[in-house]
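Engineer: Chains as they are written, first to last, in the working numbering: chain L, 1 to 350; chain C, 1 to 350; chain X, 1 to 350.
Keep in mind that a hint or two might mislead.
As the list claims (entries may be wrong) - Derived SDA-like pairs (lysine to any residue); straight-line CA-CA distance at most 20 Å:
#	chain 1	residue 1	chain 2	residue 2
1	X	333	C	341
2	C	284	X	151
3	C	48	L	121
4	C	284	X	339
5	C	284	X	48
6	C	333	X	337
7	L	333	C	199
8	C	333	X	340
9	X	346	C	344
10	L	346	X	194
11	X	290	C	199
To be verified - Derived contacts from chain L toward chain C, CB cut-off under 7 Å, selection only:
#	residue
12	79
13	82
14	111
15	129
16	168
17	171
18	192
19	218
20	220
21	278
22	296
23	310
24	320
Unchecked claim - For each label pair, taking beta carbons as the anchor points, the in silico distance ranges come out as:
#	chain 1	residue 1	chain 2	residue 2	range
25	L	304	C	334	24 to 34 Å
26	C	300	X	317	17 to 27 Å
27	C	349	X	317	29 to 39 Å
28	L	199	C	12	57 to 67 Å
29	C	4	L	195	25 to 35 Å
30	X	133	L	195	13 to 23 Å
31	X	303	L	93	34 to 44 Å
32	X	93	C	133	14 to 24 Å
33	C	284	X	69	50 to 60 Å
34	C	119	L	199	21 to 31 Å
35	L	13	X	282	23 to 33 Å
Read the hints as simulated data drawn from the structure, not as lab findings.
We treat Cβ as the ideally placed atom computed from N, Cα and C, and that holds for glycine.
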Amino acid sequence: MQVSFTAAEVAAIIQPKAARGFTSETIRGLAALAEATSGELSFLGNAKYKGEVAGTGASIVLLPVDYVGEPKSNQLFLLTENPSVALARICARIELALWPRPEPGIHPSAAVDPGAQVARSATIGPLCVVESGAIISERAHLQAQVFVGRNAVISEDCWLMPGSVVATECSLGKRVRLQPGAIVGADGFGYEFVHGRHEKIPQVGIVVLGDDVEVGANSTLDRARFSRTVVGEGTKIDNLVQIGHNVVIGRHCLLVSQVGISGSTTLEDYVVLGGQVGVGGHIKIGKGTKAGGQAGITTDVSAGSFINGTPAIPYLLERRIAVLQQRLPDLFKRVDSLEEQLREAKMSSS
Amino acid sequence: MQVSFTAAEVAAIIQPKAARGFTSETIRGLAALAEATSGELSFLGNAKYKGEVAGTGASIVLLPVDYVGEPKSNQLFLLTENPSVALARICARIELALWPRPEPGIHPSAAVDPGAQVARSATIGPLCVVESGAIISERAHLQAQVFVGRNAVISEDCWLMPGSVVATECSLGKRVRLQPGAIVGADGFGYEFVHGRHEKIPQVGIVVLGDDVEVGANSTLDRARFSRTVVGEGTKIDNLVQIGHNVVIGRHCLLVSQVGISGSTTLEDYVVLGGQVGVGGHIKIGKGTKAGGQAGITTDVSAGSFINGTPAIPYLLERRIAVLQQRLPDLFKRVDSLEEQLREAKMSSS
Amino acid sequence: MQVSFTAAEVAAIIQPKAARGFTSETIRGLAALAEATSGELSFLGNAKYKGEVAGTGASIVLLPVDYVGEPKSNQLFLLTENPSVALARICARIELALWPRPEPGIHPSAAVDPGAQVARSATIGPLCVVESGAIISERAHLQAQVFVGRNAVISEDCWLMPGSVVATECSLGKRVRLQPGAIVGADGFGYEFVHGRHEKIPQVGIVVLGDDVEVGANSTLDRARFSRTVVGEGTKIDNLVQIGHNVVIGRHCLLVSQVGISGSTTLEDYVVLGGQVGVGGHIKIGKGTKAGGQAGITTDVSAGSFINGTPAIPYLLERRIAVLQQRLPDLFKRVDSLEEQLREAKMSSS
Numbered sequence: 001m002q003v004s005f006t007a008a009e010v011a012a013i014i015q016p017k018a019a020r021g022f023t024s025e026t027i028r029g030l031a032a033l034a035e036a037t038s039g040e041l042s043f044l045g046n047a048k049y050k051g052e053v054a055g056t057g058a059s060i061v062l063l064p065v066d067y068v069g070e071p072k073s074n075q076l077f078l079l080t081e082n083p084s085v086a087l088a089r090i091c092a093r094i095e096l097a098l099w100p101r102p103e104p105g106i107h108p109s110a111a112v113d114p115g116a117q118v119a120r121s122a123t124i125g126p127l128c129v130v131e132s133g134a135i136i137s138e139r140a141h142l143q144a145q146v147f148v149g150r151n152a153v154i155s156e157d158c159w160l161m162p163g164s165v166v167a168t169e170c171s172l173g174k175r176v177r178l179q180p181g182a183i184v185g186a187d188g189f190g191y192e193f194v195h196g197r198h199e200k201i202p203q204v205g206i207v208v209l210g211d212d213v214e215v216g217a218n219s220t221l222d223r224a225r226f227s228r229t230v231v232g233e234g235t236k237i238d239n240l241v242q243i244g245h246n247v248v249i250g251r252h253c254l255l256v257s258q259v260g261i262s263g264s265t266t267l268e269d270y271v272v273l274g275g276q277v278g279v280g281g282h283i284k285i286g287k288g289t290k291a292g293g294q295a296g297i298t299t300d301v302s303a304g305s306f307i308n309g310t311p312a313i314p315y316l317l318e319r320r321i322a323v324l325q326q327r328l329p330d331l332f333k334r335v336d337s338l339e340e341q342l343r344e345a346k347m348s349s350s
Numbered sequence: 001m002q003v004s005f006t007a008a009e010v011a012a013i014i015q016p017k018a019a020r021g022f023t024s025e026t027i028r029g030l031a032a033l034a035e036a037t038s039g040e041l042s043f044l045g046n047a048k049y050k051g052e053v054a055g056t057g058a059s060i061v062l063l064p065v066d067y068v069g070e071p072k073s074n075q076l077f078l079l080t081e082n083p084s085v086a087l088a089r090i091c092a093r094i095e096l097a098l099w100p101r102p103e104p105g106i107h108p109s110a111a112v113d114p115g116a117q118v119a120r121s122a123t124i125g126p127l128c129v130v131e132s133g134a135i136i137s138e139r140a141h142l143q144a145q146v147f148v149g150r151n152a153v154i155s156e157d158c159w160l161m162p163g164s165v166v167a168t169e170c171s172l173g174k175r176v177r178l179q180p181g182a183i184v185g186a187d188g189f190g191y192e193f194v195h196g197r198h199e200k201i202p203q204v205g206i207v208v209l210g211d212d213v214e215v216g217a218n219s220t221l222d223r224a225r226f227s228r229t230v231v232g233e234g235t236k237i238d239n240l241v242q243i244g245h246n247v248v249i250g251r252h253c254l255l256v257s258q259v260g261i262s263g264s265t266t267l268e269d270y271v272v273l274g275g276q277v278g279v280g281g282h283i284k285i286g287k288g289t290k291a292g293g294q295a296g297i298t299t300d301v302s303a304g305s306f307i308n309g310t311p312a313i314p315y316l317l318e319r320r321i322a323v324l325q326q327r328l329p330d331l332f333k334r335v336d337s338l339e340e341q342l343r344e345a346k347m348s349s350s
Numbered sequence: 001m002q003v004s005f006t007a008a009e010v011a012a013i014i015q016p017k018a019a020r021g022f023t024s025e026t027i028r029g030l031a032a033l034a035e036a037t038s039g040e041l042s043f044l045g046n047a048k049y050k051g052e053v054a055g056t057g058a059s060i061v062l063l064p065v066d067y068v069g070e071p072k073s074n075q076l077f078l079l080t081e082n083p084s085v086a087l088a089r090i091c092a093r094i095e096l097a098l099w100p101r102p103e104p105g106i107h108p109s110a111a112v113d114p115g116a117q118v119a120r121s122a123t124i125g126p127l128c129v130v131e132s133g134a135i136i137s138e139r140a141h142l143q144a145q146v147f148v149g150r151n152a153v154i155s156e157d158c159w160l161m162p163g164s165v166v167a168t169e170c171s172l173g174k175r176v177r178l179q180p181g182a183i184v185g186a187d188g189f190g191y192e193f194v195h196g197r198h199e200k201i202p203q204v205g206i207v208v209l210g211d212d213v214e215v216g217a218n219s220t221l222d223r224a225r226f227s228r229t230v231v232g233e234g235t236k237i238d239n240l241v242q243i244g245h246n247v248v249i250g251r252h253c254l255l256v257s258q259v260g261i262s263g264s265t266t267l268e269d270y271v272v273l274g275g276q277v278g279v280g281g282h283i284k285i286g287k288g289t290k291a292g293g294q295a296g297i298t299t300d301v302s303a304g305s306f307i308n309g310t311p312a313i314p315y316l317l318e319r320r321i322a323v324l325q326q327r328l329p330d331l332f333k334r335v336d337s338l339e340e341q342l343r344e345a346k347m348s349s350s
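All chains should be built: construct the whole structure from the sequences, respecting the hints.
Structural biologist: And the structure:
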């Protein structure tokens, strides 16, 4: 990765509220505070690392406006409302260098059905498959080895990374990103138990992703039994997440890695589920609910809840119980002692 | 998805026990009771939604034979033993339209080794790889970008969806379905610790799937260290499930999403594991065992058990303990109080 | 799988410390003690199965040097320091037959950018994609349908199995194995919440894997926000494991299937995490720590710890608490009884 920014260029990109110090160095890389050396830019994004600012070797440090402290010689502090957002702007410039806009067109090795519609400005990379009736919209980018099934719709500016799959009839909103290996539209897991065998219930619904949805690497989103599995606008899904059939996810949710959501469950807007959370089927999770990692959610959750544990209960209660559980050995001893004392008391009184 | 059924056609497909009412509408879609409108078909598959039947706008509703209630004007109730099975029959018709039988033959973009055997009626879709010695049987369908390794056997009527992998020497029974990204025959996780390093134990066994097995999207089934990892006839595996090396799974089991089964463990027939269940290595789970979501199974389980929790214990006991745990704060207070009372009693008696 | 070893050949491969008995059979397969028959080789790798040696039908049995017992007629016992390691040597021979060294060269169906560097002795299998600037070193093997992104580095003797992905700029040490569907270099999960929306933080760092790392099927390793996500030399990662951005994993660790590690966490050398373990972000796990399956690790862990449970605590304490939890119903009854006795005592004394 080739990076090269002068201090003036960095300032122009992030538009700081204030600056302290000066550096003559050209920025050639980014690094964490503790690891950064001359020629690198760092930032304070998490107050936990505040103590590392004074010792950092970074030539430029992005800091919150209320940071107290002076730069070293040949070091520049740039003060900004949100150093993480400022860093993101730097990273966006680097991103353009890492993944330049691809050339429009269809790679000769791709297998695009003549019955598919591919926009002029779209890019179909090497060894992709696009089946008949599929629509690939303007500036959409199928990077490589991507599969888009019959009648699927890929909207403007989507980016489908290597090995991702959009199965028959499913549709993606604008600017959707599928990370490598993400699968949209596998069959839901539905069987009827008949004469000792699990007979498959055909899964003939679809998956619909709203604008600006992102799906992580190797995550799987199942098509509805019939009707639609839905992910709302702006929702971000991490790697290895499972979304069952007929699930409806609201807007601007965050699902951290390895979350599993069973069929026909609804998440309202702004729900945040920590890593490895499991959610049962046919339940409803209210707006803005947050669940801690590994929680197991088995019943409806009212809006604004903060829950934890299996089965999930209010966070503070769960934390309190977790502490008390570690005192169980002591509690058993106390009850033993109480019983002993009572026995003695009875004996002495009899 | 284009759907079009007259009421008479629906009745012909599902063969109802009885009917109430009449509709002149043509069915153009399926929807849940609460969402269905005129021209749509709905069903009561879960008693939980019984109250929604009276208000549904569906033109046809599939109901259990004991359902009490009358249809509205221009609405048809079809009464059947199992509305879910009836619906499945409708869906099977729609499925044929969504995924019509593919044309036999080998797509010119596929890389099929001359030493592979491909049946006349099989379909090898675009950009598939079939290595030497592999056998692709009659009517088997490798949809797109599928990999079938050396000497692997794909039996009659299998359907391998985009990006699925069947590695060297592994074999699939008849009518097996691999959802997108499913991997059969990755190496088992086996190492010996020698001189401070984990030396790989070559994994030279295979995976054998019985007839009518289904493997979900991005699930992974490891080849045996030697001998065979086995999945019995009719067993259905959901997405993102991990099956370790030398695991033997019986017939007609259900493994819900994100289950993980460690090496050399045996599941007898008809075992059902909920989502995210983890099973330790070298243990045996008896016939018909059911485990709740996120359970952690670390010891042998006798046939017919219903277990839950980590470590997994009988379901009812686990539920009772979960309730008592939430009363721990109160219990600690009660013991505090008992101790206090006893202190007072002693003082007053001394 | 065609296997054929005489007893003399087996002895030559494993170099036993001692032998008992004799067999005239040619070994044509490997099997577990309980299942092995004439013409097969078996071994005692786990003391749990010791009782099965006397009854095995195997023609050759690999046993620990201190094994007491005599072979049957036409049966050979080979005694060795570590029967598992001895078996591994046999398996390594079989492995060569299963996966013979591929022919060097680029398959005509692969899409290799002219700006990529491919070593003479490397093998690029069918339908692989190699982007510009990528380096494929001597004897590296891209099996089939593999993706290697721009400027990525694949070192000597790597083996990338079907459908694996190494994204832009990432690098693999020598002899790294990626099992099918493994993804190195997906975007990290990083967003800033701005005006009610999750704005993506571009992830412009890379992933660096040390020598002899193995990554399991469909596992996902995220590129750093900036700088590097690192996996140290000799670390082995099982299937469906998630490694977040900026994670640093030491040398010779073992991560069992479905482990998830959140961003910016550090694992020192020789850490072992059981299946489905979840690790929070920004924490440090000391050298040689072992965690039981499904543990949830939320705070720093000191070197040499053995932990279990969620939240993870010392193993023995966790086991003790788990036992006490199952006695909670009894404890509640005992406290009920104590309260009752105290009430009675008060009444009688008043």
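Engineer: Among the hints numbered above, which are violated by the structure, and what are their numbers in rising order?
Structural biologist: 2, 3, 4, 7, 10, 12, 13, 17, 28, 30, 33
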